[in-house]
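S.K.: The chain contents come next:
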Amino acid sequence: MKKFSHEERHQVKITLNGEAVEGMAEPRLLLTDFLRHEIGATGTHVGCEHGICGACTILVNGKAVRSCLMLAIQADGSEIDTIEGLADKDGNFNALQQAFHENFALQCGYCTPGFLMTLSEYLKSNPDPSIEEIKIALSGNICRCTGYHEIINAAFDAAKVMRDI
Amino acid sequence: MKPPPFDYIRVETSDEAVDLLAEYGDEAKIIAGGQSLMPMLNMRLVRPQVLIDIAQTSDLRGITKKGKAIEIGATTTQADLGSWSDLSLTLPLLASAIPSIGHFQTRNRGTVCGSLCHADPSSELPACLMLLGGEVELKNKKGTRRVKADDFLIGVLTTAKQDEELAIKAIYPVAQDGAKYAFTEFHHRHGDFAVVGIAGMVVDNKIRIAVGGVADRPEVREWQSLEGSAIDDALNDFAWELRGSDDIHATAQHRRELVRHLGRQVIDNLHVQKNYELSQ
Numbered sequence: 001m002k003k004f005s006h007e008e009r010h011q012v013k014i015t016l017n018g019e020a021v022e023g024m025a026e027p028r029l030l031l032t033d034f035l036r037h038e039i040g041a042t043g044t045h046v047g048c049e050h051g052i053c054g055a056c057t058i059l060v061n062g063k064a065v066r067s068c069l070m071l072a073i074q075a076d077g078s079e080i081d082t083i084e085g086l087a088d089k090d091g092n093f094n095a096l097q098q099a100f101h102e103n104f105a106l107q108c109g110y111c112t113p114g115f116l117m118t119l120s121e122y123l124k125s126n127p128d129p130s131i132e133e134i135k136i137a138l139s140g141n142i143c144r145c146t147g148y149h150e151i152i153n154a155a156f157d158a159a160k161v162m163r164d165i
Numbered sequence: 001m002k003p004p005p006f007d008y009i010r011v012e013t014s015d016e017a018v019d020l021l022a023e024y025g026d027e028a029k030i031i032a033g034g035q036s037l038m039p040m041l042n043m044r045l046v047r048p049q050v051l052i053d054i055a056q057t058s059d060l061r062g063i064t065k066k067g068k069a070i071e072i073g074a075t076t077t078q079a080d081l082g083s084w085s086d087l088s089l090t091l092p093l094l095a096s097a098i099p100s101i102g103h104f105q106t107r108n109r110g111t112v113c114g115s116l117c118h119a120d121p122s123s124e125l126p127a128c129l130m131l132l133g134g135e136v137e138l139k140n141k142k143g144t145r146r147v148k149a150d151d152f153l154i155g156v157l158t159t160a161k162q163d164e165e166l167a168i169k170a171i172y173p174v175a176q177d178g179a180k181y182a183f184t185e186f187h188h189r190h191g192d193f194a195v196v197g198i199a200g201m202v203v204d205n206k207i208r209i210a211v212g213g214v215a216d217r218p219e220v221r222e223w224q225s226l227e228g229s230a231i232d233d234a235l236n237d238f239a240w241e242l243r244g245s246d247d248i249h250a251t252a253q254h255r256r257e258l259v260r261h262l263g264r265q266v267i268d269n270l271h272v273q274k275n276y277e278l279s280q
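Quick note, the sequences are listed as chains A and B, same order. Our numbering applies: residue 1 is where the first sequence begins, and numbers increase by one. Our numbering applies: residue 1 is where the second sequence begins, and numbers increase by one.
Any given hint could turn out to be false.
What the hints assert, rightly or not - Listed next, the stretches of chain A that the computed footprint assigns to chain B, with coverage defined by at least 3 CB atoms under 8 angstroms from CB atoms of chain B:
#1 21–28
#2 44–55
#3 58–68
#4 71–81
#5 131–142
Because the hints were derived from the structure by calculation, they are not lab data. Quick caveat: nothing in here was measured; it's all calculated off a predicted structure. Using N, Cα and C, we set each Cβ at its ideal position, and we do this for glycine too.
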C-alpha cells in the first residue's frame, strides 16, 4: 500500500513516445494536464473534461483511453503514446496523418489529435474496416467543423495504405 | 473542471482496500477504471477525502468459470470481457450487449463491477445482470456476502453495497441449454447513454425481458408462451407499469413507444433464433 497526500506533489515517471520522462503531480492532477503543463507535450488537447468529446484521447500501454478520465498518478510506470509520436524524426507524417491531410479531414484541428490516437489503436485491431465500422469506432470523438465525412474517408484510406505497407 | 483535492492510496490486495474502507467509510471512494467516477470528480459531484485505487491489486483481476456461473473480478475491464474467447458461448447476451457500452476507449478502462456499482438505470451490464438473475459479491473486513441483482440494484446510482464494502466479483449465470438471448437499445448516437435498452431471453416457452432506461433501475417481466398480438399487449402493459418520465433525452411517451417497439424486436429475434434451431 502506498499513500500520496493531497498536500504534496509526487514524482510520476512515464515513457512518452519511447522516451523516459518524469514530472511532479498532486493526486488530483489529470493525466491530460500532466502531459501539457508538467511535461510540455501540448499536442494532446483538453475538450470537455468529462469523457464525452474524445479530444484528449491518447494510448496508455497501447490502448486508446481518455486522458481526462485518468489521473497522472495512475499512469506512473506506463507507456504513453501521443500525437507527438506519430510523425518520424524528420517531421514526415505517418500514413494516418497523411490520409487526414489529403482528405481535408481537419479544419480547426482541435479534435484531430484525439481522432488520430483513436484510429492508431483501432486500425491495428481492425486493419480492414468497413465504413459502418469506422463510424462506430469514431462515435466517441466529436468534431464540430468537418461534418465527419472527410474523417471517415481518411480513416478508410489510411487503413488501405497501412495494409499495403 | 478539475477534481477537488483528495489523498490517493494505491493498494495491492483487496484486504488492504477493505481495511481502508473500514477506516474511512463514506469519506473514501474506490477507483478502478474510473470511467464513471472521474467525470463525477471532474464535475465535483463527489468530493471524497481519500481515493483508493484497486487497479493494481493482485487478487481482483480475471474471468473464471465456476460451475454454472462466470465470475468476473473487480478490476476486469469491459474490453477484457468483450475479447474473452469463451464469451459468445457462455454469455451470448453480454457478447451482444458489450459493444453498446460507451465507446471502445472507455471500455478499455471501465470495469464490469464498476458499471454495476455505479448503477445508472440506462446502463447495459445491470440490465443483463437482472435478466440473468446474477449476483454481486461484496467484501468487508469481516468476510464476504453475495447479493442477488434484484436486491443489489436499488435505484438511480444506488445499490445495496455499504460504505465499508468493496464489490469484488460480478457473477453472471452461464447460458442455459436451449435458451436464446438478445439485446438491443436506442441511443441518439452510438455509445451515448441508452434512452431505452432491452435484454431478452426465451427458455422453453418462457419469455423474460429486462428494460433499462425507463424506471429508476432495470425492471424484469416474465411471461409464459406469449404469441401474436398478446406480445404487444403484454409489452404495452409493461411500458405503462414502468412509469417513465420526461427528461432532456426523451419524453415518457417516447420511452413507452420504445419499450413496445424494441421489446417486440427482441422477442421476434428470440423466436427467429428458436425456429432456426428447430429447423436444423
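S.K.: Could you tell me which of the hints above the structure violates, numbers in ascending order?
M.R.: As far as the earlier hints go, not one is violated by this structure.
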